[in-house]
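Visitor: Protein chains in written order, with this note's numbering: chain A, 59 to 158; chain B, 59 to 158; chain C, 59 to 158; chain D, 59 to 158; chain E, 59 to 158.
Think of the hints as simulated: they come from the structure by calculation, not from any bench.
Fair warning: this is a prediction, and the values are worked out from it, not measured in the lab.
Heads up, a few of these hints could be off.
Pairs involving identical chains hold if they fit within one copy or between any two copies, as the list cannot separate such chains.
Said to hold, decoys possible - In silico BS3-like pairs for lysine-lysine, Cα to Cα no more than 27 angstroms straight-line:
hint, residue 1, residue 2
1, K95, K81
2, K158, K76
3, K76, K95
4, K81, K158
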Amino acid sequence: MFIAKVTGNVVTTQKVAKMTGTKLLIIEPLCVNETDKTFTSTERSFVAVDSVGAGAGEIVLITQGSSARMTDTTSDAPVDCVIIGIIDSVNVPDGVVYEK
Amino acid sequence: MFIAKVTGNVVTTQKVAKMTGTKLLIIEPLCVNETDKTFTSTERSFVAVDSVGAGAGEIVLITQGSSARMTDTTSDAPVDCVIIGIIDSVNVPDGVVYEK
Amino acid sequence: MFIAKVTGNVVTTQKVAKMTGTKLLIIEPLCVNETDKTFTSTERSFVAVDSVGAGAGEIVLITQGSSARMTDTTSDAPVDCVIIGIIDSVNVPDGVVYEK
Amino acid sequence: MFIAKVTGNVVTTQKVAKMTGTKLLIIEPLCVNETDKTFTSTERSFVAVDSVGAGAGEIVLITQGSSARMTDTTSDAPVDCVIIGIIDSVNVPDGVVYEK
Amino acid sequence: MFIAKVTGNVVTTQKVAKMTGTKLLIIEPLCVNETDKTFTSTERSFVAVDSVGAGAGEIVLITQGSSARMTDTTSDAPVDCVIIGIIDSVNVPDGVVYEK
Numbered sequence: 059m060f061i062a063k064v065t066g067n068v069v070t071t072q073k074v075a076k077m078t079g080t081k082l083l084i085i086e087p088l089c090v091n092e093t094d095k096t097f098t099s100t101e102r103s104f105v106a107v108d109s110v111g112a113g114a115g116e117i118v119l120i121t122q123g124s125s126a127r128m129t130d131t132t133s134d135a136p137v138d139c140v141i142i143g144i145i146d147s148v149n150v151p152d153g154v155v156y157e158k
Numbered sequence: 059m060f061i062a063k064v065t066g067n068v069v070t071t072q073k074v075a076k077m078t079g080t081k082l083l084i085i086e087p088l089c090v091n092e093t094d095k096t097f098t099s100t101e102r103s104f105v106a107v108d109s110v111g112a113g114a115g116e117i118v119l120i121t122q123g124s125s126a127r128m129t130d131t132t133s134d135a136p137v138d139c140v141i142i143g144i145i146d147s148v149n150v151p152d153g154v155v156y157e158k
Numbered sequence: 059m060f061i062a063k064v065t066g067n068v069v070t071t072q073k074v075a076k077m078t079g080t081k082l083l084i085i086e087p088l089c090v091n092e093t094d095k096t097f098t099s100t101e102r103s104f105v106a107v108d109s110v111g112a113g114a115g116e117i118v119l120i121t122q123g124s125s126a127r128m129t130d131t132t133s134d135a136p137v138d139c140v141i142i143g144i145i146d147s148v149n150v151p152d153g154v155v156y157e158k
Numbered sequence: 059m060f061i062a063k064v065t066g067n068v069v070t071t072q073k074v075a076k077m078t079g080t081k082l083l084i085i086e087p088l089c090v091n092e093t094d095k096t097f098t099s100t101e102r103s104f105v106a107v108d109s110v111g112a113g114a115g116e117i118v119l120i121t122q123g124s125s126a127r128m129t130d131t132t133s134d135a136p137v138d139c140v141i142i143g144i145i146d147s148v149n150v151p152d153g154v155v156y157e158k
Numbered sequence: 059m060f061i062a063k064v065t066g067n068v069v070t071t072q073k074v075a076k077m078t079g080t081k082l083l084i085i086e087p088l089c090v091n092e093t094d095k096t097f098t099s100t101e102r103s104f105v106a107v108d109s110v111g112a113g114a115g116e117i118v119l120i121t122q123g124s125s126a127r128m129t130d131t132t133s134d135a136p137v138d139c140v141i142i143g144i145i146d147s148v149n150v151p152d153g154v155v156y157e158k
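Kindly produce the complete structure, drawing on both the sequences and the hints.
Guide: Structure, rendered in structure tokens:
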């Protein structure tokens with residue numbers, strides 16, 4: 059899994075039937091900088107199905123690949139990226155990188 | 059999933075039987091630039107099976123890996139990349155990145 | 059999937075039993091340059107099982123991951139990369155990138 | 059699999075039900091420098107489920123993808139990254155890269 | 059699959075039960091340079107389960123992902139990388155890149 063920031067959303071009408079009703083969010087993967095206790099942007103973006111009620115700006119936990127189908131929201135759907143949690147905090151031994 | 063632009067198509071006659079009749083499109087993954095509200099090209103290209111009737115120049119939603127086999131078009135086929143939707147709009151909190 | 063050029067072959071005698079009799083080719087992934095109508099090399103190389111009778115120098119279509127096991131040649135084998143077609147042509151809206 | 063260092067942890071309350079009770083650690087993949095007998099940081103970070111009782115600073119073995127669901131801790135969960143072992147030593151022919 | 063060089067090994071005592079008795083080798087992926095007929099290092103390293111009796115310095119064939127579980131040694135184990143063959147030779151149309 060990886061940590062990401064929700065940066066937006068995608069609207070699509072013409073899509074495969076199994077995707078009907080899924081909420082699609084744009085997420086940007088973040089790296090944890092242990093020394094500076096900050097997040098570093100990866101400058102990349104993916105589209106994830108939301109299974110936990112996340113919103114723009116929130117820091118979330120992302121699962122990819124076949125494991126992305128292991129939630130009630132995504133079971134048997136052509137989904138390879140899902141938000142499985144909203145992150146409360148990210149901690150390193152000598153401090154806090156992020157707190158909601 | 060990720061956002062991509064359809065840039066062309068691939069024709070192949072000599073192929074495995076399960077691929078007969080599939081439409082193969084060239085797609086270029088795009089990144090969302092939240093600040094500029096633009097897409098950035100990744101300068102990469104993949105070949106995806108079309109399951110929604112997409113055409114050249116359209117902005118589409120791509121699923122990869124085993125999840126690419128979860129559509130009626132690609133079920134049990136040796137396919138690891140599929141177009142699952144045509145994107146209407148991509149939105150960030152303070153604006154619109156793309157609108158069809 | 060992605061487009062690749064067959065650049066060579068690999069010979070291996072000491073291997074897992076399920077790989078007996080498979081033809082192993084070296085392939086180099088290519089990117090499609092839409093503007094110049096050329097292929098760009100990725101300078102990477104993979105080894106793919108041939109399921110269509112491809113030869114050195116040919117431009118082929120590659121499937122990766124679990125989907126690489128969805129051909130008769132690769133079913134149940136420890137194979138994560140397979141050639142599923144020989145490409146006849148690659149086309150962009152205003153021209154031809156490749157023709158066999 | 060790859061070698062990684064545990065650099066921190068992630069706390070998440072609002073998450074999919076199947077993730078309840080899993081310990082989430084931040085890990086940083088390392089490369090082995092055979093000549094210098096040192097680890098090189100990849101400057102990337104992932105979140106892994108701990109299945110062996112690992113702690114911050116430890117050098118661990120990571121499995122990704124669908125194989126990450128093949129432990130008792132992660133079976134059927136939306137997990138694509140798991141710690142499957144705590145590393146005692148990493149050895150090259152003419153020396154030791156790491157010893158716990 | 060890809061070509062790699064075995065550069066060392068990993069020892070781990072505290073691990074998930076299914077990994078007991080597996081031999082873990084460090085491998086470095088190589089790229090084939092068709093023009094120079096040499097291998098180029100990728101400067102990366104992975105840990106692979108050995109299923110063919112490989113040793114340090116040998117050039118081997120690697121399978122990743124769920125396909126890495128398709129050998130007798132790795133079946134049902136949390137393994138995403140396996141050595142499936144020891145390479146005898148790597149050939150390009152006008153010469154030999156490697157011979158054991």
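Visitor: Each of the hints needs a verdict: does it hold here or not?
Guide: These are the hints, each one checked on the structure:
no.	hint	verdict
1	K95 <-> K81	between (31 angstroms within a copy, 21 angstroms between copies)
2	K158 <-> K76	between (33 angstroms within a copy, 22 angstroms between copies)
3	K76 <-> K95	neither (40 angstroms within a copy, 29 angstroms between copies)
4	K81 <-> K158	both (22 angstroms within a copy, 19 angstroms between copies)
This entry does not satisfy hint 3, going by the numbered hints stated previously; all others are met.
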